[in-house]
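Undergrad: Chains A and B supply the protein sequences, listed in that same order.
Just so we're aligned, residue 20 is where the first sequence starts under our numbering, counting upward by one.
Just so we're aligned, residue 17 is where the second sequence starts under our numbering, counting upward by one.
Watch out, some of these pointers could steer you wrong.
To be verified - Below are the BS3-like pairs computed for lysine-lysine, each with C-alpha atoms no more than 30 Å apart in a straight line: (1) B:85 x B:72; (2) B:120 x B:72; (3) B:269 x B:34; (4) A:59 x A:25; (5) A:454 x B:142; (6) A:363 x A:395; (7) B:246 x B:185; (8) B:85 x B:246; (9) A:69 x A:35; (10) A:424 x B:250; (11) B:185 x A:424; (12) B:85 x B:185; (13) A:161 x A:395; (14) B:20 x A:454; (15) A:424 x B:72; (16) B:20 x A:424; (17) B:185 x B:72; (18) B:156 x A:454; (19) B:269 x A:454; (20) B:259 x A:424; (21) B:156 x A:424; (22) A:424 x B:142; (23) A:25 x A:161; (24) B:20 x B:210.
Unchecked claim - Estimated spans, in silico, between C-beta atoms of each pair: (25) A:367 x B:209: 43 to 49 Å; (26) B:152 x A:125: 57 to 63 Å; (27) A:111 x B:116: 26 to 32 Å; (28) B:232 x A:106: 37 to 43 Å; (29) A:403 x B:265: 40 to 46 Å.
Because the hints were derived from the structure by calculation, they are not lab data.
Here a beta-carbon is modelled for each residue, glycine too, at the ideal position from N, C-alpha and C.
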Amino acid sequence: MNGLEKINADFATLFKDGREQLEAGCSAVMNGCREEAFEKFVQLGGIPQKTEAYSYADLVPVFDKDYRVVLKYIPQNVDMNEVFRCSVTNLVTHPILTVNGRWFDGNVEPELPEEVVICSLQEAGMRYPDLFLRHYNRYAPKADQDGLVALNTAFAQDGVFVYVPDEVVLERPLQIINLLRANADLMGFQRNLIVLGKHAQATVLVCDHTLSSQHFLMNNVTEIYLDSGARVDYCQVQNQYAGAAQINSLFVSEQRNSAFESNIVSLYGGFIRNNMYVSLNEEGGSCDLYGMYIPDKKQVVDNYSYIDHIAPNCTSNEHFKGVMDDSSLANFCGCIRVRPNAGKTVAYQANNNLLLSDTARINTKPQLVIDADDVKCSHGATVGQLDEEAMFYLRSRGIGREEAKMMMMFGFAHDIIRHVRLEPLREKIDDLIDKRLRGELSRCFHCTLPCRK
Amino acid sequence: MEGKLLRIRNLHASVEGKEILKGVNLEINAGEVHAIMGPNGAGKSTLSSVLTGREKFVVTEGEIEFNGKNLLDLPPEDRAREGIFMSFQYPVEIPGISTVNFLKTAVNEIRKYHGLPPYPAGDFLKMIRQKMELTGIDNKLLNRSLNEGFSGGEKKKNEIFQMAVLEPKLAILDETDSGLDIDALRTVAGGVNKLKRPDNATIVITHYQRLLDYIVPDVVHVLYDGRIVKTAGKELVAELEKKGYDWIKEEVKREL
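Pulled out of the complex, with its shape left as it was, chain B reads as follows:
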């Protein structure tokens, strides 16, 4: 039990009556980076949606324990306050709300949950500036409406910047590499690596090897047809890149 940040047991989940996750088991310790790979439609994004509490995904069986708490009991905002963060594959544009005000509200709502007073205004800006530097964010982004008119790269960078500000215990990067050119990919990965600490963990959900060249995982899982069918070390990434997913599908079929 101890040291386990996240423990998923026999997780089944469906969307609109269709079962997508069919018994996922996963354990993550603080300090680790896990990669979850797999072909399209395997259930990767469903897993991140279930972890963050998206309402249209219904958990039909199993349990998720996060930091000793039953995660499935909590609404999305409380999961975030407990320390779960997801970098969205498609960050939402919200007109009229500046990035800085959004972050201030988020930070203070999280502090309130933990019984802390609001962040002192002067210190807040100092902290923000520090995190901007850390994640390579342009000053101008702060006062612009959240994600509005941002390029794909700016949106993803902004996600990592938010992660830096909110300091989650568990960060889930959902296809963060999609739509990024190589320079943006490096910046984003660099930001993630700088935020790595012994007391937090990261799940990298991705199709491809390229992000994992920069964010090196401790454990690699293959999700296929709603289950984790293979777990290995980082060498699995190269193997998947070389051989694709078909051999895993064959392996699964043989086992059945």
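Just chain A, with the same shape it has in the complex:
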């Protein structure tokens, strides 16, 4: 058996032997999805290898470690609210912690408008069966060729559940802080479900951190449903250490006149894979996806997106940018699909990259598949070095070459970061990127872990 076959066989054993533990405490809806999902995983050949969506991502070294999979909640011996302090000052949010992919039992219940629900996914499955049945695992199957998403559905037990009813606007951002802390190498499957009713609005900030120096592999799935007129501002800051790997799949289902905007900022991590699936199901929907990645050393950041224009008169705008240094690798693969019915679609996609060293790599693949007339679509990708004309302009004003280079890289990144709406966070990210580009920061900003290079 080669490495991959062994990994797939281990999952099969775990699924069989751990089944009882896996299902304990989970609702019928969750447990009802497992069998089919695992069959799908097997049918797709297990961990994706050389499939179209994963053609540049080598998952074997990511999976091939002696991870433990813990199928029940293990209380932490410390109060996570004490261990972790968000270092973004002046950021006022409702913080929700998860530990190793599970709802933290010491979460302080936020003061929210009545009928808004924020709780663990397990609890939601028991308490809101109708809502759960309507939305759980309704959007993730969109990734019908991705075995990793199926694997999450087979193994997921917990995560965060958010429900914002019709017409309710959450004024304060919800901050989901995913913490990893263990005493052995660990693999986890977090599952989040976020449901917004008609004209509901929410800002969701997701922060990924590591608090101990074990190897981690998280294979997470988040489903977001926006009913008509709903709006979600989503921002995810990935700031883990070099020994952590994360596969992060986001599924967004948009109904009439809804709006989804996301910023995914990959500051640090050993291996980061982001899957973003957006379905524009009804007229008038819009989505803006922004992303920034700045890997150095041997980091890998892999972004994959699939924006599906199903209904007419929807707009999508996608812009990802990266600055790669040392021997890092970044991949971008983005597909805009315009279905035959989706006339008057407006869709833009761009991916721009700067390579700072001879050994840094980027693979970029922008794609358009258009089956409708009367649409406005464009896509493009660039890979390059810094613009010499701009460099000369800055130098001719007395700015030295090194400083000019920093300013231009910072400017390049800020072009994406300026879309982050939470001002204190935007300033902090700008600051972190500036430090990172100057080489003053080689790990998560408040983490004290020695990063293995």
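Take the given structure of chain A and dock chain B to it, following the hints.
TA: Relative to chain A, chain B alone:
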């Protein structure tokens, strides 16, 4: 020697192996405004590029002395720090860098070169506001990305604003009038005139008379085929406007 801000001797320069400047001689004193005129392809922009240190222009012969220093030894940033400023014909758009941050960095890098501490933050903004008023710059420009989405007029005004902030000893206006309507031209010229002092000098590179109606030169040079072929007072501007450049070309041919 003394009082000479810029001294160019027998300057030859080429780009991609082609010789463009073929022996330029030019001397400029502090307090003077010089106009360099000439037909297309004469080498006007090459001269400004060589003065500011653009790398693809290679000096093959001759020397340039600026304020007693050998200019050709210095990289572009040090030339700027020594007091050379060029207003670009096509200012570059740089996304993500605000005008105010750009200027703060430039001012402080220049100060560092001269052994001075960074400009105190409060005073800096006060100074910036003053210069904005002087050059007719809109407040909103400050926090926008440098030149990004600026109109042609805004870009040129922004160049003069930068000049006001950086206070160069020698300012080179490279075709600053191109693409400007008459109102923008007046504003730009007005800014330049206000910045004129006994201890600085200006080179105005232009095709046409119209900018020189507002910025009146002390000396006018005609650059033709890589050489300065005629030098006179401001009356030359009107003559060139009336008669074009052909008579100068004829004169040059006769001399050869």
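Undergrad: Hints first: check each against the structure and report whether it holds.
TA: These are the hints, each one checked on the structure:
1. Distance hint between residue 85 of chain B and residue 72 of chain B is fulfilled; the C-alpha atoms sit about 22 Å from each other, no more than 30 Å.
2. As the CA atoms of residue 120 of chain B and residue 72 of chain B are separated by approximately 28 Å, the hinted pair is consistent with the 30 Å bound.
3. As the CA atoms of residue 269 of chain B and residue 34 of chain B are separated by approximately 21 Å, the hinted pair is consistent with the 30 Å bound.
4. Only pairs whose Cα atoms come within 30 Å are accepted, and residue 59 of chain A paired with residue 25 of chain A is accepted, the gap being roughly 18 Å.
5. Among the hinted pairs, residue 454 of chain A with residue 142 of chain B is consistent with the structure: their alpha-carbon atoms are about 28 Å apart, no more than 30 Å.
6. The straight-line distance between the Cα atoms of residue 363 of chain A and residue 395 of chain A is roughly 7 Å, inside the 30 Å bound, and the hint therefore holds.
7. Of the supplied pair hints, the one linking residue 246 of chain B and residue 185 of chain B holds, its CA atoms being roughly 25 Å apart against a limit of 30 Å.
8. Of the supplied pair hints, the one linking residue 85 of chain B and residue 246 of chain B holds, its CA atoms being roughly 27 Å apart against a limit of 30 Å.
9. A hinted pair counts as satisfied when its Cα atoms are at most 30 Å apart, and residue 69 of chain A with residue 35 of chain A qualifies at roughly 27 Å.
10. Straight-line distance between C-alpha atoms of residue 424 of chain A and residue 250 of chain B comes to about 43 Å, which puts the hinted pair past the 30 Å bound.
11. At most 30 Å may separate the alpha-carbon atoms for a hinted pair to count; residue 185 of chain B and residue 424 of chain A meet this at roughly 26 Å.
12. Between residue 85 of chain B and residue 185 of chain B the alpha-carbon distance is near 13 Å, which keeps this suggested pair within the 30 Å criterion.
13. Between residue 161 of chain A and residue 395 of chain A, the direct Cα distance comes to roughly 24 Å. Compliance with the 30 Å bound is thereby established for this hinted pair.
14. A hinted pair counts as satisfied when its Cα atoms are at most 30 Å apart, and residue 20 of chain B with residue 454 of chain A does not qualify at roughly 44 Å.
15. Only pairs whose Cα atoms come within 30 Å are accepted, and residue 424 of chain A paired with residue 72 of chain B is accepted, the gap being roughly 19 Å.
16. Restraint check for residue 20 of chain B and residue 424 of chain A: the C-alpha separation of about 35 Å exceeds 30 Å, so the hint is violated.
17. Restraint check: the Cα-Cα separation between residue 185 of chain B and residue 72 of chain B comes to about 25 Å, which is no more than 30 Å; the hinted pair holds.
18. For a cut-off of 30 Å, the pair hint linking residue 156 of chain B to residue 454 of chain A stands: about 28 Å separates their Cα positions.
19. Straight-line distance between C-alpha atoms of residue 269 of chain B and residue 454 of chain A comes to about 61 Å, which puts the hinted pair past the 30 Å bound.
20. The hinted pair formed by residue 259 of chain B and residue 424 of chain A fails the criterion: a straight-line CA distance of about 48 Å is larger than 30 Å.
21. For the proposed pair residue 156 of chain B and residue 424 of chain A, the alpha carbon gap of about 26 Å is at most 30 Å, so the pair holds.
22. In summary, the hint linking residue 424 of chain A to residue 142 of chain B is supported, as the alpha carbons are separated by about 28 Å, within the 30 Å threshold.
23. Restraint check for residue 25 of chain A and residue 161 of chain A: the C-alpha separation of about 27 Å stays at or below 30 Å, so the hint holds.
24. A hinted pair counts as satisfied when its Cα atoms are at most 30 Å apart, and residue 20 of chain B with residue 210 of chain B qualifies at roughly 22 Å.
25. Checked against the hint of 43 to 49 Å, the C-beta distance between residue 367 of chain A and residue 209 of chain B comes to roughly 45 Å, which is consistent with it.
26. Roughly 60 Å separates the CB atoms of residue 152 of chain B and residue 125 of chain A, a value that falls within the hinted 57 to 63 Å.
27. A C-beta distance of roughly 28 Å is found between residue 111 of chain A and residue 116 of chain B, which places it inside the suggested range of 26 to 32 Å.
28. About 59 Å separates the C-beta atoms of residue 232 of chain B and residue 106 of chain A, a value inconsistent with the hinted range of 37 to 43 Å.
29. Hint check: residue 403 of chain A to residue 265 of chain B, Cβ distance near 43 Å, so the stated range 40 to 46 Å holds.
Checked against the numbered hints given earlier, this structure breaks hints 10, 14, 16, 19, 20 and 28; the rest are met.
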